[in-house]
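Peer 1: One line per chain: the protein sequences are A and B, in this order.
Position 38 (the first sequence) corresponds to 38 in the numbering used here; numbering is contiguous.
Position 129 (the second sequence) corresponds to 274 in the numbering used here; numbering is contiguous.
Note that these hints are calculated values from the structure, not bench results.
Each hint should be verified, as a subset may be incorrect.
[As the list claims (entries may be wrong)] Computed list of lysine to any residue pairs in SDA-like fashion (alpha-carbon distance at most 25 Å, straight line):
1) A:K102 with B:D257
2) A:K102 with B:D181
3) A:K102 with A:S59
4) A:K102 with A:D86
5) A:K102 with B:G271
6) A:K102 with A:V65
7) A:K102 with B:F185
8) A:K102 with A:F14
9) A:K102 with B:G184
10) A:K102 with A:N15
11) A:K102 with B:I279
12) A:K102 with B:P187
13) A:K102 with B:G265
14) A:K102 with B:P186
15) A:K102 with A:N13
16) A:K102 with A:F79
17) A:K102 with A:D18
18) A:K102 with A:G87
[Unchecked claim] If we take Cβ atoms under 7 Å as the criterion, some of the chain B residues that face chain A in the derived model are:
19) I215
20) V222
21) L270
Ideal Cβ placement from N, Cα and C applies to all residues, glycine included.
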Amino acid sequence: MNNTALVRAIYDNFNARDFDATLALATPDVTLTNVPLGATLHGPEGFRQFLEGWATAFSDAQVEVTNVIDGGDQVVVEFTGRGTHDGPFLTPAGPIPGTGRKVDVHFCDVWTLRDGRVATARTYFDAATLLAQLGVMPSPEAATV
Amino acid sequence: MSTETHHALARQFFAAQDRLQGGPDPDLCTAGYTADIAGFPPMDRAGHEHFARMFYGAFSGLYHTVDGTIAEGDQVVVRFTLRGTHTGDFAGVPPTGRPVTISAVVTMRIADGRVAALQGVFDRLGLMQQLGVIPAPEVAP
Chain A
1 MNNTALVRAI YDNFNARDFD ATLALATPDV TLTNVPLGAT LHGPEGFRQF
51 LEGWATAFSD AQVEVTNVID GGDQVVVEFT GRGTHDGPFL TPAGPIPGTG
101 RKVDVHFCDV WTLRDGRVAT ARTYFDAATL LAQLGVMPSP EAATV
Chain B
146 MSTETHHALA RQFFAAQDRL QGGPDPDLCT AGYTADIAGF PPMDRAGHEH
196 FARMFYGAFS GLYHTVDGTI AEGDQVVVRF TLRGTHTGDF AGVPPTGRPV
246 TISAVVTMRI ADGRVAALQG VFDRLGLMQQ LGVIPAPEVA P
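Make a model of the complete structure from these sequences and hints.
Peer 2: So this is what it looks like as structure tokens:
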């Protein structure tokens, strides 16, 4: 499996909620960093927690990959995540209980690969937009520029 | 144009912004340049320059550190960190004197040796939290 196919499989697996298939594609010391929330999770259990965290907060969540840039040992995936916030969304300030709101957010994941597996991920997204869509923060227009 | 050249162009793009205290440098952009930054309406080059000048005006010593570049075909991705000090009015927030660190990632599409399109995400929430103007999310009891 080439790097693009390997990384793309992670998004297909997410949509199918097949987290075991994704963990089989990761190194034992894999790390996942949520850049805007400033949280890093480690190892396969951390990876599972990362995936389940999104799936718990947004039980119908689906991701749509819109762009892949394969730079060899690094692969970047841009995607749109959509779902209904019907479970607790964990943030450093505490969990936000389900609001029933629908979200539609652009993400950019930067993966590094080692020995044919994913070793690190950095997830970038505009948390201000996400929180505004959840109705727990003033709209970005009001709050920022 | 090789991907090696694209890595260099991407670095040049941000170095030029820091030099111009605004930008992007028209010499590095195609005529039809567009910027799409999450949370903001799409901008043309002049719009992006207005946006950038607002940041350079509000944060003294603002500069980009490129943390990594990734290229394939006509695209190059840049991870970078912006650092500066909040010494001017920013979107209605009076100067706080606080240092800020903002993480960002952009994807650029290159055409004819210039940047034709930029799509980016920066940590807007983190910035407003560092300025102390956005409290932690309201968590229902």
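Peer 1: Compare the structure with each hint and give your call.
Peer 2: Checked hints:
The hinted pair formed by K102 (chain A) and D257 (chain B) fails the criterion: a straight-line CA distance of about 40 Å is larger than 25 Å. A distance of roughly 22 Å separates the Cα atoms of K102 (chain A) and D181 (chain B); the hinted pair therefore holds under the 25 Å criterion. Proposed proximity of K102 (chain A) and S59 (chain A) is supported: the alpha carbons are some 11 Å apart, at most 25 Å. Taking the CA atoms of K102 (chain A) and D86 (chain A), the gap is near 9 Å; set against the 25 Å cutoff, the hint holds.
Of the pairs offered as hints, the one joining K102 (chain A) and G271 (chain B) holds, with about 23 Å between alpha carbons and a cut-off of 25 Å not exceeded. Our distance criterion of 25 Å between C-alpha atoms is met by K102 (chain A) and V65 (chain A), whose separation comes to about 19 Å. A distance of roughly 20 Å separates the Cα atoms of K102 (chain A) and F185 (chain B); the hinted pair therefore holds under the 25 Å criterion. A threshold of 25 Å between alpha carbons decides the hint, and for K102 (chain A) with F14 (chain A) the separation of about 18 Å falls inside it, so the pair holds.
A hinted pair counts as satisfied when its Cα atoms are at most 25 Å apart, and K102 (chain A) with G184 (chain B) qualifies at roughly 17 Å. The hinted pair formed by K102 (chain A) and N15 (chain A) meets the criterion: a straight-line CA distance of about 17 Å does not exceed 25 Å. Restraint check: the Cα-Cα separation between K102 (chain A) and I279 (chain B) comes to about 22 Å, which is no more than 25 Å; the hinted pair holds. Proposed proximity of K102 (chain A) and P187 (chain B) is supported: the alpha carbons are some 23 Å apart, at most 25 Å.
For the hint linking K102 (chain A) to G265 (chain B), the alpha-carbon distance of about 23 Å falls within 25 Å, and the restraint holds. Between K102 (chain A) and P186 (chain B) the CA atoms are separated by roughly 21 Å; this keeps the pair inside 25 Å, and the hint holds. Between K102 (chain A) and N13 (chain A), the direct Cα distance comes to roughly 22 Å. Compliance with the 25 Å bound is thereby established for this hinted pair. At most 25 Å may separate the alpha-carbon atoms for a hinted pair to count; K102 (chain A) and F79 (chain A) meet this at roughly 17 Å.
Straight-line distance between C-alpha atoms of K102 (chain A) and D18 (chain A) comes to about 23 Å, which keeps the hinted pair within the 25 Å bound. Of the pairs offered as hints, the one joining K102 (chain A) and G87 (chain A) holds, with about 12 Å between alpha carbons and a cut-off of 25 Å not exceeded. For I215 (chain B), the shortest C-beta to C-beta distance to chain A is roughly 4 Å, which falls under 7 Å, so the interface hint holds. Checking V222 (chain B) against chain A: minimum C-beta separation of about 5 Å stays under 7 Å; hint holds.
Checking L270 (chain B) against chain A: minimum C-beta separation of about 4 Å stays under 7 Å; hint holds.
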